[in-house]
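Chemist: Sequence:
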Amino acid sequence: MTTVITSGKTVEDAVNQGLAELGVSRDKVEIQVLEQPSKGFLGLFGVKAAKVEVKLLPVPEAVSQPIKPATPETEIDALLEGVAVHNPYEEAAAFLKEVAAGMGLDVEVHIKKHRDGHIFNISGEDLGMIIGRRGQTLDALQYLTNIVANRYSESFVRIVLDAENFRQRRRKTLEDLAERLAGQAIRTGKEVVLEPMPPLERKVIHAKLQNHPQIKTLSKGEEPNRRVVITLK
Numbered sequence: 084m085t086t087v088i089t090s091g092k093t094v095e096d097a098v099n100q101g102l103a104e105l106g107v108s109r110d111k112v113e114i115q116v117l118e119q120p121s122k123g124f125l126g127l128f129g130v131k132a133a134k135v136e137v138k139l140l141p142v143p144e145a146v147s148q149p150i151k152p153a154t155p156e157t158e159i160d161a162l163l164e165g166v167a168v169h170n171p172y173e174e175a176a177a178f179l180k181e182v183a184a185g186m187g188l189d190v191e192v193h194i195k196k197h198r199d200g201h202i203f204n205i206s207g208e209d210l211g212m213i214i215g216r217r218g219q220t221l222d223a224l225q226y227l228t229n230i231v232a233n234r235y236s237e238s239f240v241r242i243v244l245d246a247e248n249f250r251q252r253r254r255k256t257l258e259d260l261a262e263r264l265a266g267q268a269i270r271t272g273k274e275v276v277l278e279p280m281p282p283l284e285r286k287v288i289h290a291k292l293q294n295h296p297q298i299k300t301l302s303k304g305e306e307p308n309r310r311v312v313i314t315l316k
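Residue numbering for the sequence shown follows this note's numbering, starting at 84 and increasing by one per position.
Some hints could be false.
[Unchecked claim] Simulated restraints on C-beta separations:
id: 1; residue 1: Gln-119; residue 2: Ser-236; range: 53 to 59 Å
id: 2; residue 1: Thr-271; residue 2: Glu-95; range: 27 to 33 Å
id: 3; residue 1: Glu-118; residue 2: Glu-262; range: 24 to 30 Å
id: 4; residue 1: Val-116; residue 2: Pro-279; range: 21 to 27 Å
id: 5; residue 1: Lys-273; residue 2: His-197; range: 23 to 29 Å
id: 6; residue 1: Arg-216; residue 2: Val-276; range: 16 to 22 Å
id: 7; residue 1: Gly-207; residue 2: Glu-262; range: 31 to 37 Å
id: 8; residue 1: Glu-258; residue 2: Ala-223; range: 35 to 41 Å
id: 9; residue 1: Thr-314; residue 2: Thr-256; range: 20 to 26 Å
id: 10; residue 1: Glu-95; residue 2: Asn-294; range: 38 to 44 Å
id: 11; residue 1: Ser-302; residue 2: Glu-113; range: 36 to 42 Å
Source of the hints: derived by calculation from the structure; they are not laboratory data.
The beta-carbon is built from N, C-alpha and C at its ideal position, and this holds for glycine as well.
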């Protein structure tokens, strides 16, 4: 996947969603705004989402360091000042410890190689702050951690962030939810529309029900409000 089209309440939200799906930093993509968000009452966004196209740039033989405005990446630079480490994974782990320290937490980061990349398991006390509601904080930190790692890597790297085995527990919760709602769809004969979920969580629902003899799934809507629909075949 080299190009994605994403939506969000603002152009920045849509761009960040695209960067997260591609797993790269802003300086490695070309961004085209397809639709500006419309303004609601008192100038608030929300009537119509922003839509952007985020396209991976070809890898040049030599890249000069661009001058960029203040972004999450520049905040990362500030956090990394004075951190002396030697590879992308160590850079990313050091960044996580800095962020945790800023939250008043003392954590350890255990790095494990996986077939799809590397898993960073965070250990320590009060990790609920790092996980957040339904893993939203953990997902945000994972996005930033991948930015850091790829900044210091010549080839693309992918990091999955976990804490207190949250990913496995969340996967089990989603699989149980998929089975329960599939049963509901069969009993009632009506489709079931789930709440908005990020792409990886929607993928768990689809995978759990893909071989179901009576049920099929699909996704509808635009990010960040895209939902899984469970319906009869």
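Chemist: Hint by hint, which ones does this structure get wrong, listed from lowest number up?
Modeler: Result: hints 1, 2, 3, 5, 8, 11 break, sorted rising.
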